[in-house]
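Trainee: Using the hints provided, position chain W with the ligands relative to the given structure of chain S.
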Amino acid sequence: MIEADRDICIGAGMCALTAPEVFDQDDDGLVVTLTDEPGPESTDAVKEAVQLCPSGALRLAGS
Amino acid sequence: MAAVLPTRRDNPFDPPPDLADEERPLRRLAFPDGHTGWLVTGYALARAVLADVRFSSRLELRRQVVRRTETDEIRPGKPAPPGFFIAMDPPDHTRYRRLLTGQFTVRRMNQLRPRVEQIVDEHLDAMERTGPPTDLVSAFALPIPSLVICELLGVPYADRQRFQHDSAVLLSLDATVEDANAALASLTGYLAGLVERKRGEPADDLLSGLIEGGELTGDELVGIAMLLLIAGHETTANMLGLGTFALLTHPDQADDLRSGRVDEDKAVEELLRWLSVIQFGTTRTAAEDVELGGEVIRAGESVAISVPAANRDPERFAEPGSLDLGADAHGHLAFGHGVHQCLGQQLARIEMRVAYGALFRRFPALRLAVPPQEVPLRDDMSIYGVHSLPVEW
Ligand code: HEM
Ligand code: SF4
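Read top to bottom, the protein sequences are chains S and W.
The first sequence finishes on residue 63 if you use the numbering used here, and the numbering steps up by one all the way, no holes.
The second sequence finishes on residue 456 if you use the numbering used here, and the numbering steps up by one all the way, no holes.
Just chain S, with the same shape it has in the complex:
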């Protein structure tokens, strides 16, 4: 389960660049998650995106 805090997001786009099947940016540049439960094939990319996010807006809950 991914939590993306749009109040913290600064729109750097690292998430959308790293795991484009899971994250996108809206017209204001802020993160939107395309799915709450990404498939196993995306796990590594999602973990990497969480780690790369410069603002700390992304969290993997229940892990």
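No lab work stands behind these hints, which were simulated from the structure alone.
Even glycine gets a Cβ: it sits at the ideal position worked out from N, Cα and C.
Any given hint could be a false lead.
Derived CB-CB ranges, DEER-like [unchecked claim]:
| # | chain 1 | residue 1 | chain 2 | residue 2 | range |
| --- | --- | --- | --- | --- | --- |
| 1 | W | D188 | S | Q51 | 53 to 59 Å |
| 2 | W | G256 | S | R59 | 45 to 51 Å |
| 3 | W | V67 | S | D5 | 38 to 44 Å |
| 4 | W | E382 | S | K47 | 19 to 25 Å |
| 5 | W | P144 | S | E37 | 45 to 51 Å |
| 6 | S | M1 | W | D391 | 26 to 32 Å |
| 7 | W | R130 | S | M1 | 49 to 55 Å |
| 8 | S | D5 | W | R91 | 33 to 39 Å |
Mentor: For chain W with the ligands alone, coordinates are given in the frame of chain S:
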């Protein structure tokens, strides 16, 4: 007594040899104004400082890390001009950044790719017409990002001589205070005039969009335009110039890039890491006492974060000292980290991904036209790179 920041390089690509001390990723540093602050050279600590808003970016708290001339302004002591959000903290920073992020999304930047390709091709055509030898900086590395940022902002490229000169003075470490102030006034005047004109005749560009949004005053618009214009062309230009120099001195890797044996996207990340052109750049000042790496940074003390050193931390990167375009460089700090992480990074990535490959494919025999030791280095500038790069093919 704490030492000053080491700045003397042994060769064009490696940071000064005495910059990083693996035993001490955090150590005391003497600033030119007499202040004793801190220097961070380790990756983990660099990330921690950049992610922590208790380490302030506010201009009035900032100290310069290096000074080349006696008259250099080593402590601005005054707040950032309106809109100049790189030197502000949240919530002021947040308000401006939020108005801009939508313009710089991964998707928006990918849409610009065809136009970037066209601009790159036009410059390669021009090089072909003029024939060798040529200076790659003035023929390729500088004009491409300049043109791209001008089109995005809506600044007439025909005016480039004016702002390229002013921004070069502002980024030079040995400009006198008078010269820097004159350049600042000239650029401010130019941009204020441009904003006025765009109010009358809006076009499909970023500045017009911000004006129409109606949330920003004229002064704020000028500050934002200035920040984007300066940050948007010198940085990428130096990555293109220095990166080409690096590839020309690593011909096997240039071959791999040309033939597609290495992934262009990965290659760009590795060049960003290995070259780390923001050589003195990122400094913060503690707004309160903060514990860091077993020390206490007292309120008011400044911390210089060495991006070149952090990006070669052996604890984070395998073989940090060698350029390997196939290596995994993700997580590098070349664009910074935290709330100020580069707003234009997705644009810079597209420009570099297009430019290096196109250059080496168009001119497979590209080589230096002078011995490598004669290439003039920008060790006197806050953004590192080459002043010029004579090439032939
Ligand atoms: C390879 C090219 C580039 C490099 C290496 C680079 C590097 C950086 C770094 C390290 C920072 C953080 C500064 C800090 O934390 O104090 C930064 C911030 C910034 N960059 Fe870049 N940059 C590049 C290209 C660009 C481009 C093309 C643009 C413009 C469109 C741009 C606009 C900005 C802005 C506006 C900020 C301030 C962001 C903020 O304070 O929130 N940069 N850049
Ligand atoms: S990486 Fe973080 S800050 Fe950047 S867009 Fe994604 S969530 Fe926002």
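Trainee: Give a verdict on every hint.
Mentor: Hint by hint, here is what the structure shows:
no. : hint                        : in the structure
1   : W:D188 to S:Q51: 53 to 59 Å : violated (42 Å)
2   : W:G256 to S:R59: 45 to 51 Å : holds (47 Å)
3   : W:V67 to S:D5: 38 to 44 Å   : holds (41 Å)
4   : W:E382 to S:K47: 19 to 25 Å : holds (24 Å)
5   : W:P144 to S:E37: 45 to 51 Å : holds (47 Å)
6   : S:M1 to W:D391: 26 to 32 Å  : holds (27 Å)
7   : W:R130 to S:M1: 49 to 55 Å  : holds (51 Å)
8   : S:D5 to W:R91: 33 to 39 Å   : holds (36 Å)
In this structure, only the earlier hint numbered 1 is contradicted, and the remaining ones agree with it.
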